[in-house]
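Protein chains: 4
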Amino acid sequence: MSDPSLVDLTLFLVTQYNSASYTFHLGLILKSSGHFATIPTKIVGPMKIIGPVLQEEIRVPLATFETPLWPSTNRGAAVSRLTSGIKVVVVDDRMTRSVLVEGPDAEYVSQVVGALKGYRHELSQVVTKTSRFAHLENWHVQLVGNLLYIRFEMTTGDAAGHNMTTKAADALLDWIIERFPKLQYVSISGNYCTDKKASAVNGILGRGKYVIAEMTIPRVLCQKNLKTTPEQMVNLNLKKNLIGSILAGGVRAANAHFANVLLGIYLATGQDAANIIEGSQGIVHAEVRNNDLYFSVTLPNVIVGTVGNGKNLPFVLDNLKLLGCDKERKAGANGRRLAVIIGAAVLCGELSLLAAQTNPGELMQSHLRLERLEHEGSKEIS
Amino acid sequence: MSDPSLVDLTLFLVTQYNSASYTFHLGLILKSSGHFATIPTKIVGPMKIIGPVLQEEIRVPLATFETPLWPSTNRGAAVSRLTSGIKVVVVDDRMTRSVLVEGPDAEYVSQVVGALKGYRHELSQVVTKTSRFAHLENWHVQLVGNLLYIRFEMTTGDAAGHNMTTKAADALLDWIIERFPKLQYVSISGNYCTDKKASAVNGILGRGKYVIAEMTIPRVLCQKNLKTTPEQMVNLNLKKNLIGSILAGGVRAANAHFANVLLGIYLATGQDAANIIEGSQGIVHAEVRNNDLYFSVTLPNVIVGTVGNGKNLPFVLDNLKLLGCDKERKAGANGRRLAVIIGAAVLCGELSLLAAQTNPGELMQSHLRLERLEHEGSKEIS
Amino acid sequence: MSDPSLVDLTLFLVTQYNSASYTFHLGLILKSSGHFATIPTKIVGPMKIIGPVLQEEIRVPLATFETPLWPSTNRGAAVSRLTSGIKVVVVDDRMTRSVLVEGPDAEYVSQVVGALKGYRHELSQVVTKTSRFAHLENWHVQLVGNLLYIRFEMTTGDAAGHNMTTKAADALLDWIIERFPKLQYVSISGNYCTDKKASAVNGILGRGKYVIAEMTIPRVLCQKNLKTTPEQMVNLNLKKNLIGSILAGGVRAANAHFANVLLGIYLATGQDAANIIEGSQGIVHAEVRNNDLYFSVTLPNVIVGTVGNGKNLPFVLDNLKLLGCDKERKAGANGRRLAVIIGAAVLCGELSLLAAQTNPGELMQSHLRLERLEHEGSKEIS
Amino acid sequence: MSDPSLVDLTLFLVTQYNSASYTFHLGLILKSSGHFATIPTKIVGPMKIIGPVLQEEIRVPLATFETPLWPSTNRGAAVSRLTSGIKVVVVDDRMTRSVLVEGPDAEYVSQVVGALKGYRHELSQVVTKTSRFAHLENWHVQLVGNLLYIRFEMTTGDAAGHNMTTKAADALLDWIIERFPKLQYVSISGNYCTDKKASAVNGILGRGKYVIAEMTIPRVLCQKNLKTTPEQMVNLNLKKNLIGSILAGGVRAANAHFANVLLGIYLATGQDAANIIEGSQGIVHAEVRNNDLYFSVTLPNVIVGTVGNGKNLPFVLDNLKLLGCDKERKAGANGRRLAVIIGAAVLCGELSLLAAQTNPGELMQSHLRLERLEHEGSKEIS
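Keeping their order, the protein sequence lines are chains Y, D, S and R. Under the working numbering, the residues of the first sequence are numbered 4 to 385, in order. Under the working numbering, the residues of the second sequence are numbered 4 to 385, in order. Under the working numbering, the residues of the third sequence are numbered 4 to 385, in order. Under the working numbering, the residues of the fourth sequence are numbered 4 to 385, in order.
Hint data in this document are derived by calculation from the structure and do not stem from the laboratory. None of the hints are false.
The list makes no distinction among identical chains, and a pair is therefore deemed to hold if it is satisfied within one copy or across any two copies.
Here are the computed lysine to aspartate or glutamate pairs in the DMTMM-like style, where the Cα-Cα straight-line distance is at most 20 Å:
id, residue 1, residue 2
1, Lys120, Glu140
2, Lys333, Glu140
3, Lys120, Glu156
4, Lys330, Glu59
5, Lys227, Asp295
6, Lys333, Asp95
7, Lys45, Asp321
8, Lys132, Glu156
9, Lys120, Asp96
10, Lys120, Asp95
11, Lys185, Glu290
Since the structure is predicted, the reported quantities are computational estimates derived from the model, not experimental observations.
Take the sequences, apply the hints, and build the full model.
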């Protein structure tokens, strides 16, 4: 049963008694405007995922207005089932918040930076007191004149960790200003975190889960299922995703449309979907190996959780259950499982779109066919 | 009445006859999983918008899992009603798609670049044939060795224009390859467009609607309604949005959380919400003027439309109607109206969050209060 | 004879008369401190350049403290002589300066932007009056709130054009402020030019000469002269220059060491060598074609001239003469010739270094050998 | 006595015996072309520097073709002597080299990353064996598919450290590949270092000396010596250096012309001047404080040394002596002293140019005056 509070239902029953019989007229008015946005969602897959985190075939919900995303991602998923599968690893996992203070001059703030190194234990305790799931991993500083930006990195269990790190950063800020009274508060967030903005810092220093998904696609499958060749895929990735993105002044964003798949899953699983901004900054690496296609997607900033804001909505609970991310597990394990699935889905979507773009004829025909179906078929072309 | 096809309803009636009386047990199972994602939506405002495009008080729907976004944006809207209002202009409007071809060498492709300048009329006609709403405005090229990226810019009426430009680019590609037979197709999209990826090109060359919203907030309102001062706001914007973003290796992204408000409206109005990536790349400029606060948000890449994919969903139609973007107007006018409203809403959200961050006490108290309400209150802190 | 004013010479003659014979002791003290910096310079090459701008074998002076740059570039030059040569084109040529003004609000400055389009003729005349070599090509604007940045693009004959565009921008600024009296001066340079700073704007909109150099190297030459294969070169370029630079948060900078060669020639020819910053933002594109190596360097921002500051120094005149850039030619032709030569030299340097890096053994041996020679041999490794 | 090997001297003596008298005709041909580039150099200053590293008045040599740089920097230096001085700190100091290897898949390379953490001692020893001045400080990794980039950070004594880190990286690479035999060499440099290329990584992770210079300029000095006000300076810095650079798609480059002063000193002191590319990526922060001007320059990537390539040239030795960077000191102290002086000089140059740009009249007059002197006076305007 879904959450009734989100739906403005008027249910009415008109009972007519006519001689010896009853007639029931049931009516339902479902009024949504101003109360919820209903994003069309389909389940695609299953995708074949092979370790090390999980070895399963997984079906994935995608919420999107851009319906061609479904068959496109599905094509990639179908290929995965014909290969040995998609191997996905999570190589890092942390959330960040940067506070901003200022001192009398650069010398003073640099001394603070030095002194803080001696307080690792104290700072860790400050964090732990704010949440049993928050653990301080490290911090990184930047100085500009007398300004001091401190970017705290924490693990946050199964939560994406926006709030947990903010709360911890608040406490850290208090502690630091008390300890170094010449410092003054400037901001709880100094934009060096950085949240939901295109930057380089998150890719370099880490924010969210660092996910890599790889698949080897036999040449024959490339030809039969993707209507392309390993060479064409490598060539397109080189000239479009790498060189094209470099020309665009892109920042660590060498892919075709990671964002589309990310948005679809983020919405379906109650994530703070504005984090697709960092999420979209990832890289496709493809090679011809032993005559087959090696295809990988690297996503350094997958910011997702399985608890927290939005996660108690009925459709989110359903989707997390479908993904197997609702089990009792060690803290953080559900979140990483979700990240693994996201990596696999992004790979499927990217593989399919790139394959389509290697072949002008296919694209135009698909375009026309979908046009006839009153869909605009290549909307997901990025 | 909303779209029933999106909702999987099981309505059941259990009728019990018990001696002389009937008891009706009415039940409803609303099953959403795999069919739609129901994003909580509230209408905030009204915001007071003063020309030149529109002079109205507008209420704005925001779909989000991050519910603190509503009161935050509302606070900015309330301030707007106490001032002379938010002035919003749209200074540019175009959509882009970049095709990618290659020739035998750089000399040849540079000759093609030169020759194309003589075919402006022909290229315009090619575009017009693909849609009566598409008009070729200009194109821009990049060469890398023998690779040629051509970024076509078009107006696309009230559509955001992803598909319209893709269809036109397909036709342009055909025309060009036919005319210059030594060119070979590489990709319908060369990532120099660039769609849904963090880059610099869109801000510099334009993609979507270039929106600027400005408001002057009297000092007394800053103090009373925003619990801050003009000087504190200017100071925070300088050190967080400008310097902090520069430190982060940010790319034309000098703001706190444009993305949150953009996502909220994009989802509520059926936009391709992955375009918040470009949308988030904007700049806040604030100054103390005549003792009051001048506050502006500049969003060079608002990619929205009022027709196209997603726009026929019932809740979207309702929301576009609420925003007054459903009227019979000159092609493009509804889209620009929507962009104006978005600019105003982003200003309200940014103003409120920055004001909160100038005051450490307020933030922490708000945090704790919202915690008690089982919300994580500063989630929107960016 | 070089410029004596730069050299502090003390020449002394000690004449000893000893019985029937004279002995002359000639001495020379050449004191430079505080008067000039003497950068070691060698002439490398010749490089074989094949049209369309010039078809010659050219010897190129490189001034550098990093002496391994000479043999490295020389190796590339030697390869060029064994192939059909380096084909170099200049596909664009313009210099820029951005002025910064502000108006009362965004609406006003956007109206100014619109109005300026009607004054193309007047603005061109303003430019022409400041120098007979300056011609206004175009301009590009950016608006932030009420701020207006206008980036003027001009051709500047054989000068790099820093001063010519500044002088013209000064005059344009006067004209504009007089015409639109609500505008106020903020800066003669708004950093949107942008000069000597890492950015994306110059690559996208153009600044300096846009140079592409290409060479096809037969497989056998790769093996014999470069100790590598076409496949190894393509592989290294992909993983180092493209992906590695993307990871670094690089901005249109996908190469190994364009900067080293640029600096060497810029210093040898009296250029404003701080413009290597923009110059270094270029891209290497390499492919295996017909079993051979296609290798290209694309440099969108080569900012050089053959007249202006520094060009009258004796060694510069000598070097420009050596390069054939001192002839009577149509305005701009000497500058473009220099740019062509620079493109070829950068290709030679890049080719050689990348080849060395494909082979770990060679590098280490070269390192050790040069160490024995008391040079640090791989200093140019970038 | 300067290095005679750099100068191609033909000294000739024509002795004529004419009846009872000898006439000596002494001639000197100093031929430079192809042997050295003679960059005009002047000593500017002194600048008043006040601890913590040094408290002295220092005169600084600037080698440049752009002669207006001298009076401009001198004006800043003169101001420094009238204030309490320029306070300069070095908050970090390290050099980097990134190696690139690849494994069979992402899982394997992520295991290598984990395992390496257990070999800190061994890796440190590998480094130390290559040079007694090299010490491994830390390393940072990036993974893309099965590619592994390892960026090693080292201190390198008084050398800038390009070669020292390369040599150490060579040894580390050998060690790692031997230990993890499934890894394969790709490149001794993976461009994640990154050397002489515009990127974000160096500012975020550190490369070279991180220098901050600050000065407070009393209002009356702003007015009298710089013909400006604190408010005008803050305003210009905001709109030009910060917002203007953001618009340009600038990468951590929020200044007017750091590059000019850096180049001047780098050439005068034998540095690898192509490192002005990273060097130019710095930030100006200015504020009105107590009615006076607080002005600071932050340069995170000053890559300089006092030993190594180029440092034995006579003019370099002279200049290093002038700067007091030739003393017997603890390893690294001379290099940091040089970095401090560079920070102060960059501040002087930036202060002066920005002040000039606040005043349109002054600029134009200076321009015209210098024009008359047949110099193009505002060449350094950036």
